[in-house]
Amino acid sequence: MSPSEGVDIAFPAHHYLNEGTTVRSWLLTRDHKRIGVMFLVAVILALLLGGTFALLLRFEHLTPGPTYVSAVTYNRLFTLHGVIMVWFFLIPAIPSVFGNFFIPIMIGAKDVAFPRLNLASLYIYMFGAALTTWAMIHGGADTGWTFYTPYSTTTTTTVAPMLLGIFILGFSTIVTGINFIVTIHTMRGPGLSWMRLPLFVWAIYGTSIIQVLATPVLGLVMLLVGVEHLFGFGLFDPARGGDPILFQHLFWFYSHPAVYIMILPAMGVISETVAAAARKNVFGYRAVAYSSLGIAFVGFFTWGHHMFVAGQGTFDAGAFGVLSMFVGIFTAIKVFTWVGTLYRGAIRFTTPFAYICGFLFFLVFGGMTGIAVATVSLDVHWHDTYFVVAHFHFIMVGAAMMGFLAALHYWFPKMFGRTYHEGWGLVSATLIILGFNATFIPQFLLGNMGMPRRYYDYPARFQSLHVASTAGSTLLFFGFMIIFIYLALALKYGRAAGRNPWGSRGFEWETPSPPPLHNFEKLPVFTHGPHEYQGTAEVPHAA
Amino acid sequence: MQPEGHVQEHFANIDVQRQAARLGMWAFLGTEILLFAGLFAAYAEYRALFHEAFVLGARHLDARLATVETAVLITGSFAVVMAHHYAKTSKAGMTCLSLVVAAATGLAFLMLHGIEYWHHFEEGALPGKYYSFPEIQTAGASMFFTLYFLMTGLHSLHVMAGVGVLAWLAWRASMGAFSHGNYNVVEMGGLYWHLVDLIWIFLFPLLYLV
Amino acid sequence: MNELLRNVLFLPEQASTFARKVDSLHYFVIITTMIASTVVGLTALAFFVRFRRRSETQVTPLLNPPWWLEAMFVLVPLGFFLAWFARGYSDFVELKTPPKDSMDVYVQAKQWMWKFSYPDGPNAIGVLRVPANRPVRLMMTSRDVIHSFFVPSFRVKQDVVPGRYTETWFEAIEPGRYQILCAEYCGTNHSLMRGEVIVLRPEEFDSWLADQRRGRALQQDGAPTTDEDVASVADLVRQGEKIAVQQGCLKCHSVDGSPHIGPTWLDLYLRREQLEGGGTVVADEGYLTESMMDPRAKIVRGFNPVMPTFKGKLAGPEVAAIVEYVKSLRSVPVEQARSRRPVYEPIRRR
Numbered sequence: 001m002s003p004s005e006g007v008d009i010a011f012p013a014h015h016y017l018n019e020g021t022t023v024r025s026w027l028l029t030r031d032h033k034r035i036g037v038m039f040l041v042a043v044i045l046a047l048l049l050g051g052t053f054a055l056l057l058r059f060e061h062l063t064p065g066p067t068y069v070s071a072v073t074y075n076r077l078f079t080l081h082g083v084i085m086v087w088f089f090l091i092p093a094i095p096s097v098f099g100n101f102f103i104p105i106m107i108g109a110k111d112v113a114f115p116r117l118n119l120a121s122l123y124i125y126m127f128g129a130a131l132t133t134w135a136m137i138h139g140g141a142d143t144g145w146t147f148y149t150p151y152s153t154t155t156t157t158t159v160a161p162m163l164l165g166i167f168i169l170g171f172s173t174i175v176t177g178i179n180f181i182v183t184i185h186t187m188r189g190p191g192l193s194w195m196r197l198p199l200f201v202w203a204i205y206g207t208s209i210i211q212v213l214a215t216p217v218l219g220l221v222m223l224l225v226g227v228e229h230l231f232g233f234g235l236f237d238p239a240r241g242g243d244p245i246l247f248q249h250l251f252w253f254y255s256h257p258a259v260y261i262m263i264l265p266a267m268g269v270i271s272e273t274v275a276a277a278a279r280k281n282v283f284g285y286r287a288v289a290y291s292s293l294g295i296a297f298v299g300f301f302t303w304g305h306h307m308f309v310a311g312q313g314t315f316d317a318g319a320f321g322v323l324s325m326f327v328g329i330f331t332a333i334k335v336f337t338w339v340g341t342l343y344r345g346a347i348r349f350t351t352p353f354a355y356i357c358g359f360l361f362f363l364v365f366g367g368m369t370g371i372a373v374a375t376v377s378l379d380v381h382w383h384d385t386y387f388v389v390a391h392f393h394f395i396m397v398g399a400a401m402m403g404f405l406a407a408l409h410y411w412f413p414k415m416f417g418r419t420y421h422e423g424w425g426l427v428s429a430t431l432i433i434l435g436f437n438a439t440f441i442p443q444f445l446l447g448n449m450g451m452p453r454r455y456y457d458y459p460a461r462f463q464s465l466h467v468a469s470t471a472g473s474t475l476l477f478f479g480f481m482i483i484f485i486y487l488a489l490a491l492k493y494g495r496a497a498g499r500n501p502w503g504s505r506g507f508e509w510e511t512p513s514p515p516p517l518h519n520f521e522k523l524p525v526f527t528h529g530p531h532e533y534q535g536t537a538e539v540p541h542a543a
Numbered sequence: 001m002q003p004e005g006h007v008q009e010h011f012a013n014i015d016v017q018r019q020a021a022r023l024g025m026w027a028f029l030g031t032e033i034l035l036f037a038g039l040f041a042a043y044a045e046y047r048a049l050f051h052e053a054f055v056l057g058a059r060h061l062d063a064r065l066a067t068v069e070t071a072v073l074i075t076g077s078f079a080v081v082m083a084h085h086y087a088k089t090s091k092a093g094m095t096c097l098s099l100v101v102a103a104a105t106g107l108a109f110l111m112l113h114g115i116e117y118w119h120h121f122e123e124g125a126l127p128g129k130y131y132s133f134p135e136i137q138t139a140g141a142s143m144f145f146t147l148y149f150l151m152t153g154l155h156s157l158h159v160m161a162g163v164g165v166l167a168w169l170a171w172r173a174s175m176g177a178f179s180h181g182n183y184n185v186v187e188m189g190g191l192y193w194h195l196v197d198l199i200w201i202f203l204f205p206l207l208y209l210v
Numbered sequence: 001m002n003e004l005l006r007n008v009l010f011l012p013e014q015a016s017t018f019a020r021k022v023d024s025l026h027y028f029v030i031i032t033t034m035i036a037s038t039v040v041g042l043t044a045l046a047f048f049v050r051f052r053r054r055s056e057t058q059v060t061p062l063l064n065p066p067w068w069l070e071a072m073f074v075l076v077p078l079g080f081f082l083a084w085f086a087r088g089y090s091d092f093v094e095l096k097t098p099p100k101d102s103m104d105v106y107v108q109a110k111q112w113m114w115k116f117s118y119p120d121g122p123n124a125i126g127v128l129r130v131p132a133n134r135p136v137r138l139m140m141t142s143r144d145v146i147h148s149f150f151v152p153s154f155r156v157k158q159d160v161v162p163g164r165y166t167e168t169w170f171e172a173i174e175p176g177r178y179q180i181l182c183a184e185y186c187g188t189n190h191s192l193m194r195g196e197v198i199v200l201r202p203e204e205f206d207s208w209l210a211d212q213r214r215g216r217a218l219q220q221d222g223a224p225t226t227d228e229d230v231a232s233v234a235d236l237v238r239q240g241e242k243i244a245v246q247q248g249c250l251k252c253h254s255v256d257g258s259p260h261i262g263p264t265w266l267d268l269y270l271r272r273e274q275l276e277g278g279g280t281v282v283a284d285e286g287y288l289t290e291s292m293m294d295p296r297a298k299i300v301r302g303f304n305p306v307m308p309t310f311k312g313k314l315a316g317p318e319v320a321a322i323v324e325y326v327k328s329l330r331s332v333p334v335e336q337a338r339s340r341r342p343v344y345e346p347i348r349r350r
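Chains A, B and C supply the protein sequences, listed in that same order.
Start counting the first sequence at 1; every next residue gets the next number (this note's numbering).
Start counting the second sequence at 1; every next residue gets the next number (this note's numbering).
Start counting the third sequence at 1; every next residue gets the next number (this note's numbering).
Derived by calculation from the structure, the hints in this document are not laboratory data.
Under the rule of at most 16 Å between Cα atoms (straight-line distance), these lysine to aspartate or glutamate pairs were calculated in the EDC-like manner:
1) C/Lys100 / C/Glu171
2) C/Lys298 / C/Glu285
3) A/Lys110 / B/Glu9
4) C/Lys96 / A/Asp316
5) C/Lys313 / A/Asp457
6) C/Lys115 / C/Asp104
7) B/Lys91 / B/Glu187
8) C/Lys96 / C/Glu167
9) C/Lys21 / C/Glu94
Some chain B residues well away from chain A (every beta-carbon gap over 12 Å; in silico):
10) Val81
11) His84
12) Gly176
13) His180
14) Leu198
A virtual CB, placed ideally from N, CA and C, is assigned to each residue, including glycine.
Looking at chain A on its own, in the form it has when it is part of the complex (with noise of 0.2 Å):
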């Protein structure tokens, strides 16, 4: 994987980075590239102040009564916990910080089709991030990140600022989402035509007709909620006819859809790290490609199996519990696909391929336990206990997760031009793999025990489950830290990287690292697709 050793290579003069330095440059950017990088700061903030709240649930755990705070604070740090890592995290994660650097260099453009609205959806981000953070500072929220009413509309905590600031955070997912389905449909180089996509684009593609459909309907219940909590009048006040059930939904509607979002990115960059890790085609393009758009159709549909004892009919249980298993179908393709492009490759292990591992493995235990869930009469057991919560967390922290730290692992040589520590990658991604089951799989035999969700108080038979979860999360912690660590080190002390250190045959890699300001020193024309490996021994080397 590293460059053939003994030869110096020479890390380029100009580059994106460098070229205005001024903190103005930077602010006022209309670089896709740089707007990407800021992304990248604001998110792993979002991930270490959502990490440090879940790391103290899990801490207040360790007891079955109050542990070191009360009950009000315990809701309150749930609640800022899910709101943080849904919002602040997992939607923009890979969208607009991979998304954003790497979609325009992809299809051989410049930019993206609308680059001031780009640097727009990042200080909406910012102002959408201060109001919450000040909610959060007047005490937070205690509702949980579904605001179910009447509760939301009713609780005396700061439900107002956080639905704003939530409500604001939705107008930068749509204009990404606009960003991007604009820039896939006008902007390709010549040759590139839509089977010779990159399959990271196609997943980004698919998000982004999610992200620019469902957080409409967001906007609108966030608001609804608000204006209720606020003035009083709302939709959703039984004491005026008004149905609770109405919030959720128009509440899942979005949030289903939305947990294609944070996943169908993360599927992209498997598809990407796989092809290079196994120097090998992706086995079945076509049908990766389409089923990047089954999610993001079928996914739509199948939002009620949030609600199968919410008081729903049968009908309406049955009718979203079919839907919710032709939309697991998809997603086996995808694992049949990554799993065969490894058979007959050429295969290196480093630290994107571990993490790869790691996602095939909770893409399947989550995604069939998500399939579990969906088998209505089991989900009655199931639901609103740790159960659930295992399930979600293996899918947006063991898959969604190992995707975006794959992403990071296996960009970081392109986009800053260096090479990280390949043995501490592996140190802490074995880490954060063995944490993450030693934290979550004790979540699902506490779901399975009865153990409900949101709990600050639990009857004691629960405790030596949780206490083994708090350990667990004690590596995941372990793990990030060191992650951070030697990537900080790599950006300043990290060896050259070289064009092309992995030997992909992706469209990025073509370009030098860090790329240039105007993304090529020629633009490309597309004579190949991006995962075709057969014939051709593209060795890695410099510039």
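Dock chains B and C against chain A, hints included.
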């Protein structure tokens, strides 16, 4: 200004730029439709639950005033179409005038709608917990008016934004910015105004007529 | 086999007719999940070992799956998923369809307690007594926010929503005590909103019910007893008296009618009080609870706003106990009336 539209650096040529702007605008209009869709869904549910109150409420609203408002908005849409035509044929003065007319219709709509709101405020037909209209007290009456205010209120906010967009376009037109080679922005602004009109075309019968 | 798997998977006892059915599907689904994910993970690792990169110039073949292989990998999982769905959905429909001869119990959830009442019968707080081997239908509504009635041992759960009735049913198979947990986040003391189902042998249940109807309603059920160390006072009224003493209520409120720092509790229940600043309020359970949580909200005329709040100091069952104690303080003994079946109009559903 320039006879040809200015091609931004990252676009290959003016056609790609126009195509991108158009696609982007349509995607944005899609988000607006989804935004209102949630309210229409809520309307559907509560109408089914509180049929009587909704019929009484709809009858009580001022359908004649609303018809005038509809005519006003449609006039505005027509003016916008004319503005597009004049921009395409490089008639700067008429472009500006058409856009001013369209913006004026928007303001007229808002004023008429404000009169409606004022009537309801006076008689106590207000949303949610403020509902105190003695004439209609059937179950769900306050829900009808809550939906009425929320849907027309959100729509009116969009009309205000549309007026702003049209006014800005009118100002640019008066500076001679638009011509045969550069009228795309007028088209985009016009699309937004048409959407605002379209949403009202759906709101009007559902709230006032059925 | 069932017991082995149940223990390995940490499932609680199977105390209802539904539980065993649900668990058998559970085993099938979960075991397939574990096998599939392990197989996929191990295959990836095995492929790594077998197809390691041996040289920097190694060439790989261009491989695409034949259509039938792709079809197999779509249809086999889909077959499993749909089979599970078919079985799960049919079990779910059964759970949503209470048998015709079910015994009805009305459940009212409020922050943060469960109240149960039997048609023509007694009420209870926190404890639901049912006979074994008889289907019981629960008709549930909430007084405030959404709660969820969850009995892990029965594998039964149903959200309880304000403004409408939801229902569920179960048939317990084994006498015993089974914990009730609230499974929909409802505020500060969500995790303390627990209860207990006490399943009695049918003849024991009948005799308990008869006892209750003979007017010994003052001895109501107290706080739940499974798995918790709670005071062994079964009588809610006496428990309320204890707490009132402990928390210092009686320092300001007398129980014999004599005026003191706060209004007297004698004959307080359902008394119409004049409020400071105009208006009146009837001292029902709601007002009594509010006075403990937010005493400054409604001050009775003639008294000073000096009462501290007990929010966070009293748990849901304790608040209920104090309310019951206040209710019991009557100067004229009132004959316990038969509780009437709650009257409700079903909300027209779509």
